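2 protein chains.
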Amino acid sequence: MKVAVLGFGTVGYGVYEMLKNAEGLTPGPVLVRPGKADEAFKVDSIEAIAADDSVDAVAEVMGGVEPAFSYACAVLKAGKHFVTSNKALVAAKGPELAALAKEKGVAFLFSAACGGGVPFLHNMSLAVQSDTIELVGGILNGTTNYMLDAMQRRGLTYADALADAQKLGYAEADPTADVTGLDALRKIMLACAVAFGRMPVEGLNNEGIDSFTAEDAEYLKKKGLTCRLIVSGVPVGENSLSAFVEPVLFEKTAPECSVLDNFNMARYHGKCSGDIVLMGQGAGRWPTASAVLRDLSDIISGRRYMMDPDVKCVCADNSAVLRKYCVRLPKEAKLSLPAEKEEVVGDNKYVYTAEVPVSAMHAEAEKIRKDGAKLFFAAIGQ
Amino acid sequence: MKVAVLGFGTVGYGVYEMLKNAEGLTPGPVLVRPGKADEAFKVDSIEAIAADDSVDAVAEVMGGVEPAFSYACAVLKAGKHFVTSNKALVAAKGPELAALAKEKGVAFLFSAACGGGVPFLHNMSLAVQSDTIELVGGILNGTTNYMLDAMQRRGLTYADALADAQKLGYAEADPTADVTGLDALRKIMLACAVAFGRMPVEGLNNEGIDSFTAEDAEYLKKKGLTCRLIVSGVPVGENSLSAFVEPVLFEKTAPECSVLDNFNMARYHGKCSGDIVLMGQGAGRWPTASAVLRDLSDIISGRRYMMDPDVKCVCADNSAVLRKYCVRLPKEAKLSLPAEKEEVVGDNKYVYTAEVPVSAMHAEAEKIRKDGAKLFFAAIGQ
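Top to bottom, those sequences are chains A and H.
Residue numbers for the first sequence follow our numbering, beginning at 1 and rising by one.
Residue numbers for the second sequence follow our numbering, beginning at 1 and rising by one.
I should point out that these hints are in silico values taken from the structure, not numbers from a laboratory.
Any given hint might turn out to be false.
Identical chains blur together in the list; that is why a pair holds if it fits in one copy or across any two.
Taking lysine-lysine and the DSS-like style, the derived pairs with C-alpha atoms no more than 27 Å apart in a straight line are [unchecked claim]:
id : residue 1 : residue 2
1  : K312      : K20
2  : K341      : K167
3  : K2        : K102
4  : K252      : K221
5  : K223      : K252
6  : K2        : K271
7  : K167      : K42
8  : K271      : K20
9  : K167      : K271
10 : K349      : K20
11 : K222      : K252
12 : K36       : K221
13 : K271      : K324
14 : K223      : K93
15 : K374      : K331
16 : K104      : K331
17 : K331      : K221
Remember, predicted model here, so these are calculated numbers, not experimental data.
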């Protein structure tokens, strides 16, 4: 199977190199920017790839919704399999691409878009054929995990942890999408679509790690708790689901505590299989390229889709899931949620809430911040 | 695809029930013992299944090499796909079955034979198509993990931990295969065959947990170390590999420490993917049945094999892998391996060796035991 590659950056180069040694796969043309086709295997127009009958499949690793979406449509319409690592594309246009691929009888797979090298979506999409997935979640953002780990194990400040992550290439110059939880949120959208046939497109909640401080890290360490940024998706009723991102505190026996540096840990709970936990590198050239290649090998085996072409776009409902929270806020601030205990540390207090709806906690945090107070919160892991 | 089931015990019942709700699969006849076919869907002769043209695939969950092997040959020869959870069968006859399946153009898959519900072999067999696996291993025996965990977290004696495991159905009345590491050894044979195309059939080393005591658990706890029974397989040169089972000690940040109760944790290291860690229930009706069903769904997708039909049977070489060990033996006994330090505790001493070949440690333990001394050893985790 000859595979064209769209994009020749970090991941694109990795995919191209891996294609040279993969069983049953050969590298085809690589799409680069106009005027940059300075080697025989490079082309600078998508039309050349769509019209090339020797190309059986296309791997897109450019990122961003456009022009990736137009390119995807062009090659799918030309009857070529389409594989992508682009979570923004799949979160925005996944259902459309799944329907188009089905119509054309070709594959649409996107393992690399969620969990990098971790074979999360691949395994879930196979499991749903015979099992019922009851929960998806885990640590799906390596940048924030690196920062949380650096702050908690090495005692770094938030600013130093971020600078460190940027120096190592784990965080971008503008880290907003990672630290606010937006990147993780896109990934839980994809995971829900695969696991439940429902993609949450509104009503989601996301709390990142940008309120977490060295003082919080020190306080939690004394309690024997480790903070991780966790995504969670659970079906609610027949047509909805809960889907959110928030920091969660774990006791040291939890597998989440052993997820160090920029690793990812995805989990799902199947009614029959029970808990399945998958851990690995969430990003980087070779891990991400290996996930793209796994999808391509899977196409040779005969697989065609991981998102049901009839996937429903739904509004998330985070009011039905209850959690206890640990909330840090100024001593004098008031938390309008039922509290079980509180502890004053310096000018702040840590309030432990009773079980409250996830949506209520996120709304309360927004309200308190609007009033000008700084606040951090994390769910108590179960 | 209509699936016949061979065996109607714990797992067989689970497979049969799951087939009723699986996409693209329907339950066919179930093979039971002669004279026990007391319901319409049960049959008591393999010939009836081999001759049934409506049966497309057969799932074998009886265990044991015979008559499972004869049955497997009969249905493969009849052109039916064959899926099994039977590690003894695959360890003894895997290469023959793989060759026969290839000849007949049908599938031979055995995910459930290694790791229970953990999708270990499945993912590796897909990964090898585009990546190079450099290491396989992990915790692949749930019975011993349950016992080790009970002794270390709950302070149970070996005898009480075993009794507990038997009461819960995790250990058999004769627990020898589990506690001596034999069961884990069979699984590493399968994992090596899938990952490296080489199956170690002699020269393996296995040390189980039957020498581990409550005193060892207490001693290690003070050191902040957790003991797990670990399998390991690594290619050696062009034609050999190391393959062994032994207790290993881990610092508390290692993922192995978070594997509690009877869970399994498999890992492989791909040259491109990096470390991939998979955790889940290693046994039990539904987890094992879900692995069988995953293979069956995979056949519908088009997959045909996970063990290369040209797999080579080789002699393992454990002399090339070096490890440091912690060895407990009587104060007066002598360890003929280079030691870095030792600590006397009561009538025993704990000796910490320099790096020594794995095979040398196992041979030395055998020698000391032949001399009548009791000894426990565990590698220091890396």
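Quiz item: What hints, given by number in increasing order, does this structure fail?
Solution: Hint check: 2, 7, 10, 12, 14 and 16 fail, others pass.
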